[in-house]
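As they're listed, the protein sequences go chains U and B.
With our numbering as the guide, the letters of the first sequence map in order to residues 645 to 893.
With our numbering as the guide, the letters of the second sequence map in order to residues 314 to 623.
Keep in mind that a hint or two might mislead.
Said to hold, decoys possible - Only pairs whose alpha carbons sit at most 20 Å apart, straight line, appear in this in silico DMTMM-like list of lysine to aspartate or glutamate:
| id | chain 1 | residue 1 | chain 2 | residue 2 |
| --- | --- | --- | --- | --- |
| 1 | U | Lys891 | B | Glu619 |
| 2 | U | Lys875 | B | Asp392 |
| 3 | B | Lys620 | U | Glu881 |
| 4 | U | Lys875 | B | Asp610 |
| 5 | B | Lys593 | U | Glu881 |
| 6 | U | Lys875 | B | Glu613 |
| 7 | U | Lys887 | B | Glu617 |
| 8 | B | Lys586 | U | Asp884 |
| 9 | U | Lys856 | B | Asp420 |
| 10 | B | Lys437 | U | Glu881 |
| 11 | U | Lys875 | B | Glu617 |
| 12 | B | Lys586 | U | Glu881 |
| 13 | U | Lys863 | B | Asp610 |
| 14 | U | Lys891 | B | Asp531 |
| 15 | U | Lys887 | B | Asp453 |
What the hints assert, rightly or not - Calculated from the model, a selection of chain B residues having no Cβ within reach of chain U, i.e. all distances over 12 Å:
| id | residue |
| --- | --- |
| 16 | Gly355 |
| 17 | Ser356 |
| 18 | Gly366 |
| 19 | Asn444 |
| 20 | Ser454 |
| 21 | Ala467 |
| 22 | Val477 |
| 23 | Glu478 |
| 24 | Ser479 |
| 25 | Ile480 |
| 26 | Asp481 |
| 27 | Asn519 |
| 28 | Glu527 |
| 29 | Ala614 |
As the list claims (entries may be wrong) - Chain B side only, calculated, beta carbon under 7 Å to chain U, not exhaustive:
| id | residue |
| --- | --- |
| 30 | Arg414 |
| 31 | Ile440 |
| 32 | Tyr441 |
| 33 | Gly443 |
| 34 | Ala445 |
| 35 | Ala447 |
| 36 | Asp453 |
| 37 | Phe491 |
| 38 | Ala603 |
| 39 | Pro616 |
| 40 | Glu619 |
Because the hints were derived from the structure by calculation, they are not lab data.
Glycine residues also receive a C-beta, built at the ideal position from the N, C-alpha and C atoms.
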Amino acid sequence: MKVLVAVKRVIDYNVKARVKPDNTGVDLTNVKMAMNPFCEIAVEEAVRLKEKGVASEIVVVSIGPKVAQEQIRTSLALGADRGILIETDEEVQSLDAAKLLKAVFEKEQPNLVILGKQSIDSDNNQTGQMLAALTGMPQGTFASEVAVEGDKVNVTREIDGGLVTVALNTPAVITTDLRLNEPRYASLPNIMKAKKKPLELTSPADLGVELKPSLTTLKVEEPATRQAGIKVADVAELVDKLKNEAKVI
Amino acid sequence: MSILVIADHENGSLKAATLNVVSAAKAIGGDVEVLVVGENCGSAAEAAAKIEGVSKVLVADNAAYGHQLAENLALLVADLGKGYSHILASAGTTGKDFLPRVAALLDVAQISDIISVESADSFKRPIYAGNAIATVQSSDSIKVMTVRSTAFDAAAAEGGSAAVESIDNVQDAGISAFVSAEIAKSDRPELTSASIVVSGGRGMQNGENFKMLEAIADKLGAGVGASRAAVDAGFVPNDMQVGQTGKIVAPNLYIAVGISGAIQHLAGMSGSKVIVAINKDEDAPIFQVADYGLVADLFEAVPELEKALG
Ligand SMILES: Cc1cc2nc3c(=O)[nH]c(=O)nc-3n(C[C@H](O)[C@H](O)[C@H](O)COP(=O)(O)OP(=O)(O)OC[C@H]3O[C@@H](n4cnc5c(N)ncnc54)[C@H](O)[C@@H]3O)c2cc1C
Ligand SMILES: Nc1ncnc2c1ncn2[C@@H]1O[C@H](COP(=O)(O)O)[C@@H](O)[C@H]1O
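The task is simple: from the sequences and hints, build the whole structure.
As structure tokens, then:
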């Protein structure tokens with residue numbers, strides 16, 4: 645089967661985002677960027693499906709500026725076969741991202757589409773579900789286990805109360821949660837090999853999708869900062885403070 | 314302006330988060346209607362009818378909605394939702410699953426995880442693991458959003474007397490099926506609504522040691538949470554993870570034990586009223602947000618704390 649994986653370029657998860665002084669957004673100049681961690685898990689899952697002989701081809705797609713090719717190359721080094729960059733410098737909101745991915749889905753006709761559950765910049769947690777709705781596909785969100793069985797895929801999902809397993813017809817959308825797998829690192833030979841793998845450039849216009857953002861960010865602020873409190877000397881002082889000062893127990 | 318709130322419920326009982334979502338809806342202003350969708354969910358509908366400020370309750374009770382499959386829920390909510398100005402659900406895993414699907418079917422954006430209502434079309438929401446707060450304005454005719462329940466006070470559970478109307482609208486996409494569930498059973502309060510939460514991290518070393526935290530939780534009537542590292546290591550199940558990509562909690566008291574305080578963890582608990590950290594590393598970042606920090610070996614401090622709580 646063919647697997648399509650969507651990967652997003654975002655701020656590195658180790659970097660603390662800083663709000664711009666003019667409150668128009670987060671300052672990303674000279675900030676380390678990387679593949680969204682949930683997308684790394686998505687690529688890893690596709691590669692494992694290929695290693696098991698379940699997947700025959702892995703296509704990776706990203707939407708973003710030209711530099712997002714880096715994240716596609718990383719995916720190719722990890723084992724994906726081919727990349728597509730939908731190049732745009734515009735802000736792409738989730739619904740538009742889903743429409744762009746739908747256009748790629750229709751062209752490529754994959755049996756599975758794997759996305760991260762959440763981008764760590766927008767914290768939206770929507771794109772996979774929207775893609776599934778637009779294409780009429782079922783969805784296995786927040787996946788911690790994926791088992792392809794014939795033309796169905798069983799997905800175990802991390803939910804608030806525990807775990808639930810659903811059986812989905814294919815083609816299906818899967819969004820990854822943290823426990824699905826532990827992504828590998830790309831080896832140097834594979835990084836070299838990835839440079840020769842095909843990477844197609846396209847654009848929203850080429851795909852016939854007009855970006856129509858309906859959300860405007862009016863302002864971005866620092867959250868209320870917490871002041872560090874005091875250090876207590878021992879458990880007795882802690883209990884006394886909680887009882888008599890904070891009055892929470 | 315009518316607002317549709319999709320109720321959170323489980324086995325016929327209404328979940329507390331619904332009360333917070335109703336408050337968010339009231340803050341927008343307008344009639345607030347609640348949709349209860351599920352199988353054998355009549356008692357949840359009755360409970361919803363009693364919430365103060367709710368003008369009508371719709372119930373869609375059918376086997377097709379039994380396991381809250383997103384494919385089926387979304388078809389129903391998108392169909393009913395056309396007549397409303399806003400559609401709200403709590404930002405739990407059910408809302409996060411089906412609501413973006415509703416938005417896409419209606420060809421509108423979803424605003425995820427709102428923490429405040431600025432006006433009928435502008436809302437605040439955290440981004441970048443809570444390191445920034447965005448005010449977002451929507452130009453869509455129907456505003457679809459998930460609500461961070463800890464950011465809104467609960468509406469009164471009693472006092473209303475809304476009419477309950479049965480909806481005969483069965484949507485079965487027929488593309489997904491429930492297989493099985495492993496639902497954690499616990500007598501402790503739910504993490505997201507508990508007034509005290511005790512969480513353990515990698516420093517706990519194994520699952521067995523979480524019993525020490527449970528003993529404290531029992532004495533305080535607290536919920537028990539964990540860091541990602543503790544879940545990944547298999548000490549405790551996934552539903553206990555607190556953080557950017559786990560549960561968001563905001564209790565009166567949060568006690569972090571053997572947790573370093575990574576930004577992804579802070580994103581899930583820094584809204585707590587009082588934070589206590591117990592960690593043997595005096596430079597652990599958790600101390601930068603803790604009201605009361607105790608630098609100590611948890612294997613000594615935690616049993617001592619349990620004893621001190623009487
Ligand atoms: C995409 C992404 C999403 C994430 N989402 C989340 C999330 O939702 N929630 C979350 O928690 N994390 C999340 N993380 C992980 C996060 O970055 C940290 O790795 C994690 O929170 C660390 O957990 P910890 O504090 O338990 O472990 P560590 O960082 O290893 O800290 C253990 C602490 O225990 C202390 N300790 C050890 N032994 C003792 C002892 N005997 N007595 C006292 N103290 C002791 C140590 O001093 C140390 O500070 C996410 C990461 C990524 C990349
Ligand atoms: N610009 C993008 N390019 C590629 N994939 C994306 C993009 N935006 C979102 N996605 C995918 O959708 C997932 C969830 O993103 P979000 O809905 O923004 O939280 C990500 O982990 C990606 O797999």
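Next on the checklist: When the structure is checked against the list of hints, which entries are broken? Sort them ascending.
Outcome noted: 2, 10, 13, 15, 19, 20, 29, 39 and 40
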